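Engineer: This is what each chain is made of:
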Amino acid sequence: LAKTTQPISMDSYEGQEVNITCSHNNIATNDYITWYQQFPSQGPRFIIQGYKTKVTNEVASLFIPADRKSSTLSLPRVSLSDTAVYYCLEENYGGSQGNLIFGKGTKLSVKP
Amino acid sequence: GAGVSQSPSNKVTEKGKDVELRCDPISGHTALYWYRQSLGQGLEFLIYFQGNSAPDKSGLPSDRFSAERTGGSVSTLTIQRTQQEDSAVYLCASSRPSGAYNEQFFGPGTRLTVL
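Going down the list, the protein sequences come from chains A and B.
Oh and the first sequence: position 39 is 39 in the working numbering, straight run, nothing missing.
Oh and the second sequence: position 77 is 77 in the working numbering, straight run, nothing missing.
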């Protein structure tokens, strides 16, 4: 049973800001939200993680509203190399992990 | 520093054979995860270890699948009597959870093909 829902694909152009939203309708109090990036034939790579409000690092921002029913990954000024699949994940906070379920992923295609 | 390594990188086997996949996590990482990814699909969680213990084995798809971790380090995923539907890339990740933060580091995966 999928815990998260995200768009299957998105298209963008170089230099644009891209926002990918994931729904977390059944998120638990102890869950935090993580986003991963995956290129073909590679394992996923961590992008950003948060519990609520806004988190920013050198590559992305993560927006989580007060009700935590969704999260939005924001990639500023994308380039061709940002073409990849992006996954959201709910993870248990500090305790033993239950069944970790990644979203089905959003395939982002960045065009010149 | 060294990342997560997995071996073999590719494994071709015949239906009905047993296979063993190995994961070497990053030194000092207490948590270790196994996932499966079929062609063009998302990641399917299999099992998680904290130290040598696996609190939740419910992600394993059948009793043909088992995993162990010894010494809080190396882990092996064993698939008995392989079936064609077991063909997939098996990914291992490790992490060192710290309070409000948990970053999983993934290995390159083992591509399993069951003929």
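Just to be clear, a hint being listed does not mean it is correct.
Cut-off 30 Å, straight-line C-alpha distance, at most; resulting in silico cross-link-like pairs (BS3-like, lysine-lysine) [to be verified]:
(1) A:Lys54 / B:Lys57
(2) A:Lys69 / B:Lys15
(3) A:Lys69 / A:Lys52
Label pairs and their in silico Cβ distance ranges [said to hold, decoys possible]:
(4) A:Phe39 / B:Asn10: 15 to 21 Å
(5) A:Gln42 / B:Gln80: 26 to 32 Å
(6) B:Asp63 / A:Asp11: 41 to 47 Å
(7) A:Thr29 / B:Pro8: 29 to 35 Å
(8) A:Ser109 / B:Asp63: 36 to 42 Å
Derived from the structure by calculation, the hints contain no laboratory data.
Just so you know, these numbers come straight off a predicted model, no measurement behind them.
Ideal Cβ positions, reconstructed from N, Cα and C, are used throughout, including at glycine.
Engineer: How does the Cβ-Cβ distance of Thr29 of chain A and Pro8 of chain B compare with 29 to 35 Å: does it lie in that range?
Structural biologist: Given a distance of about 41 Å, which is not inside 29 to 35 Å, the answer is violated.
Engineer: Against the 30 Å threshold, does the CA-CA distance of Lys69 of chain A and Lys52 of chain A hold or violate the hint?
Structural biologist: It holds: about 10 Å lies between the C-alpha atoms, which stays within 30 Å.
Engineer: Okay, Phe39 of chain A versus Asn10 of chain B on CB: inside 15 to 21 Å?
Structural biologist: holds (18 Å)
Engineer: Is the distance from the Cβ of Asp63 of chain B to the Cβ of Asp11 of chain A consistent with 41 to 47 Å?
Structural biologist: holds (43 Å)
Engineer: If you draw a straight line from the CA of Lys69 of chain A to the CA of Lys15 of chain B, is it 30 Å or shorter?
Structural biologist: violated (43 Å)
Engineer: Within 36 to 42 Å: is that where the Cβ-Cβ distance between Ser109 of chain A and Asp63 of chain B falls?
Structural biologist: holds (40 Å)
Engineer: Does Lys57 of chain B sit within 30 Å of Lys54 of chain A, going by the straight-line distance between their CA atoms?
Structural biologist: violated (34 Å)
Engineer: That 26 to 32 Å hint for Gln42 of chain A and Gln80 of chain B (C-beta), does it hold up?
Structural biologist: holds (29 Å)
In this structure, the hints that do not hold are numbers 1, 2, 7, in rising order.
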